[in-house]
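Visitor: Sequence:
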Amino acid sequence: MADKPLVLHIFTHDLRLSDNPSLFHASKTGNVWPIFIDDHADDPYPAGDPSRWWLYQSLTDLHARLDGGLSVFSGQFADVVLDLISRFPIEGVFWNHRYDAYHRHQAEIVTEQLRQKGVAVRSFNGALLWEPWSVRKDDGTPYKIFTPFYRKGCLKGPVQPRLVDAQPGKLNTVNCADWDPGVPLDQSGILPSGTWHEKFHPIGQVSEAAAQMQLQRFCDDGISNYKKGRDYPSQRHVSMLSPYLRHGNISPSQVYDVVNRLPADQNTDHFCSELGWREFSYYLLYHFRDLPCANLQTKFDRFPWSKDDTALRAWQKGQTGIPIVDAGMRQLWQTGYMHNRLRMIVGSFLVKNLGHHWTEGEKWFRHCLVDHDLASNSASWQWVAGCGTDAAPYFRIFNPVTQGQRFDPTGEYTRKYVPELAHLPDDFLFNPWDAPALVLQCAEVSLGSNYPRPLVDLKQSRERALENFKRLSQ
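Heads up: the sequence shown runs through residues 0 to 473, numbered per numbering that gives the first Met the number 0.
Just so you know, the hints here were simulated from the structure itself, not pulled from any lab data.
Some clues are possibly wrong.
To be verified - Straight line, CA to CA, 25 Å or less: simulated DSS-like cross-link-like pairs of lysine-lysine:
1) 227 / 415
2) 198 / 316
3) 316 / 458
4) 198 / 27
5) 362 / 143
6) 3 / 27
Said to hold, decoys possible - Quick list of simulated restraints, FRET-style, between CB atoms:
7) 111 / 42: 15 to 23 Å
8) 216 / 312: 32 to 40 Å
9) 470 / 401: 36 to 44 Å
10) 185 / 469: 18 to 26 Å
11) 292 / 107: 14 to 22 Å
12) 178 / 269: 49 to 57 Å
Ideal placement from N, C-alpha and C gives every residue a C-beta, glycine not left out.
Construct the entire structure; sequences and hints are all you get.
Guide: And the structure:
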């Protein structure tokens with residue numbers, strides 16, 4: 000071991016030991032000093048407390064699995080790496096790619112500086128099935144529509160999805176506590192202050208092992224009716240893998256590999272296509288650097304967005320007077336998670352019924368989601384607003400009443416998060432403003448008192464949105 004060079008492995012969104020290409024190759028090269036750099040303060044799109052809580056739990060698990068050998072530093076990626084190189088005999092630096100503009104720029108700075116110093120630099124794909132630059136249309140330009148991207152560019156393209164890497168044997172890690180231990184994890188500031196994060200534990204345990212167990216549970220049960228059941232928030236036909244994928248407790252290659260060993264049917268195919276949507280989101284983030292902040296269809300820059308802060312706050316807190324919307328927003332606030340069907344419903348309501356810019360929704364989701372993912376969050380908001388490359392058409396406006404009736408037919412989900420309406424009959428659960436006075440009285444519902452009246456008239460706000468969107472195409 001003494002003859003092996005000292006190399007850095009920098010953990011990013013790959014908080015696992017298995018199927019970690021950078022860690023695998025670093026271990027084959029030399030004695031590995033594993034570190035994590037917390038650059039939250041400099042990130043232009045910083046994650047909120049729920050995501051930071053998950054990050055802290057993941058690092059705690061990783062630190063234990065590395066026998067206390069994980070060093071944590073705070074600061075910009077490039078500054079920290081270059082400082083360590085200047086002080087220690089490090090001969091190689093390894094990390095897995097990130098795809099947003101800020102972190103790509105930081106990686107470019109490090110790569111250029113270290114190569115000038117003669118330090119080996121190697122980076123790998125540890126977060127995707129296909130690298131964004133490896134999938135192109137026949138004319139060499141990037142895809143803008145999901146279906147041809149996934150079906151032709153990915154599944155039928157010349158590049159195969161990344162396979163699961165072999166587990167490294169014994170990791171030759173170096174405990175550099177005597178040199179520079181970094182910041183003790185419990186003093187790093189990663190774990191949010193306050194108590195908000197304490198209610199997130201029911202989402203699931205946070206570790207690499209827990210991610211594998213969640214995948215197995217989903218394959219044993221949830222995937223059997225995934226194509227249909229995934230739209231019903233009271234059912235358990237979603238994978239709940241999103242926070243594990245976001246933080247790299249498990250890789251998409253590991254998920255893809257396990258699912259593709261199951262008997263092929265419409266459920267496995269549909270689940271893999273959802274992994275494809277995740278790939279497409281990262282693809283867009285890579286090829287369109289302003290995805291998190293700017294309309295990809297620039298005509299939407301002319302849209303007369305609302306500035307009504309009172310309405311925005313009511314939406315954030317689940318006090319819109321639209322039951323299914325309020326249920327989704329309260330689930331988000333109370334648990335750090337929201338079912339995907341609800342994400343579409345509440346997003347459509349914010350942008351098209353309330354007329355707020357989609358970036359307000361992107362920021363709130365980023366603040367609240369335990370599974371916040373910059374690529375998926377930004378691409379999804381552009382989709383629901385109609386301004387992305389492969390977006391929902393402007394005239395597609397979700398009707399929250401019919402959405403609730405269709406996807407929460409027993410009212411179980413809505414009653415759980417909007418208990419004020421628990422005693423309303425199903426016929427009026429999603430539209431209490433239509434209920435006769437006697438029905439409201441018997442259900443102990445007083446609109447405007449113990450439950451708000453609707454912020455907007457759904458029909459009128461829909462018509463107003465259609466007219467405003469239509470003008471953009473003229």
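Visitor: Compare the structure with each hint and give your call.
Guide: Results for each hint:
no. : hint                  : result
1   : 227 / 415             : 22 Å, holds
2   : 198 / 316             : 17 Å, holds
3   : 316 / 458             : 23 Å, holds
4   : 198 / 27              : 41 Å, violated
5   : 362 / 143             : 24 Å, holds
6   : 3 / 27                : 10 Å, holds
7   : 111 / 42: 15 to 23 Å  : 21 Å, holds
8   : 216 / 312: 32 to 40 Å : 37 Å, holds
9   : 470 / 401: 36 to 44 Å : 26 Å, violated
10  : 185 / 469: 18 to 26 Å : 55 Å, violated
11  : 292 / 107: 14 to 22 Å : 20 Å, holds
12  : 178 / 269: 49 to 57 Å : 50 Å, holds
Hint compliance for this structure: hints 4, 9, 10 are broken, all remaining hints hold.
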